[in-house]
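S.K.: With our numbering applied, the sequence shown corresponds to residues 1 to 228, in that order.
By construction, these hints were calculated from the structure, which means they are not laboratory data. Source: prediction; values computed, not measured. Mixed in with the good hints there might be a few duds.
[As the list claims (entries may be wrong)] List time: in silico EDC-like cross-link candidates among lysine to aspartate or glutamate, alpha-carbon distance up to 20 Å:
(1) Lys-103 <-> Asp-19
(2) Lys-158 <-> Glu-136
(3) Lys-9 <-> Asp-22
(4) Lys-63 <-> Glu-44
(5) Lys-225 <-> Asp-167
(6) Lys-63 <-> Glu-38
(7) Lys-63 <-> Asp-97
(8) Lys-9 <-> Asp-19
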Amino acid sequence: MENLNFLEKTNFRSLLEADGADRLQDKLVVIDMFLNTEGHITLEEMMRLLAEAGYDFDSGFVKHCLHRMVELGFAQRKAFEGQPIRYEHRHLGRHHDHLVCTKCGKIVEFANEDIERLQVEVAASYGFHMLQHRMEIYGLCSDCCSEREPLMPLSMTKAGETVLVRDMAGCKHKQGRLASMGLRPGDRVEIINNTGGGRVILGLGTTRLAIGRGMANKIMVSPVKDNP
């Protein structure tokens with residue numbers, strides 16, 4: 001890996017020199033720090049690493065360096081849902097996809113040749129020549145799954161998961177209103193949107209329902225283990 005990083009840094013330097021870039025040594029410091037990191041790093045995390053190493057670069061300069069690395073093919077800019085912009089290494093000839101935990105933010109890289117081959121086959125079946133793609137699977141990591149309560153309020157659910165309605169507290173009027181909307185204990189529903197603020201949007205069969213935050217706190221549900 002050290003040899004690969006050295007080659008990447010040398011390649012980056014030659015491209016910058018060809019462009020007549022200014023502050024060349026400072027930019028090499030930034031790419032060297034970036035290449036020595038693992039995973040997916042934010043601008044703020046990059047600034048902290050540089051400061052810990054004794055460098056006092058302003059955020060605008062570091063952001064510019066990261067953008068140049070993306071433009072020249074040394075890094076990839078990732079905009080994962082619900083997270084700040086992150087940057088990761090881009091090694092030529094390699095491809096991977098991502099699993100993203102919507103609770104703790106954990107990001108797991110994975111590569112699967114069967115998936116890659118299937119995507120090419122699907123594209124070809126539609127007469128489509130695939131140039132590039134990205135796959136991001138959002139869900140809950142094993143640690144977050146193990147911490148979840150078997151019974152929880154609807155307001156605590158995550159977008160994309162399927163839950164089973166177990167109980168509905170509250171006055172008979174509110175229970176009757178939910179029943180008139182078609183929602184009853186035993187129903188299996190898909191969480192479409194739950195931003196943690198306003199209403200919870202869920203799918204019940206072919207119908208979409210909007211449940212107020214107060215009522216969502218009183219509807220008890222349990223996660224469906226066989227989520228696809």
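S.K.: Now, for every hint given, state plainly whether the structure supports it.
M.R.: Hint-by-hint comparison with the structure:
| no. | hint | result |
| --- | --- | --- |
| 1 | Lys-103 <-> Asp-19 | violated (43 Å) |
| 2 | Lys-158 <-> Glu-136 | holds (16 Å) |
| 3 | Lys-9 <-> Asp-22 | holds (16 Å) |
| 4 | Lys-63 <-> Glu-44 | holds (10 Å) |
| 5 | Lys-225 <-> Asp-167 | holds (18 Å) |
| 6 | Lys-63 <-> Glu-38 | holds (18 Å) |
| 7 | Lys-63 <-> Asp-97 | violated (24 Å) |
| 8 | Lys-9 <-> Asp-19 | holds (15 Å) |
In this structure, the hints that do not hold are numbers 1, 7, in rising order.
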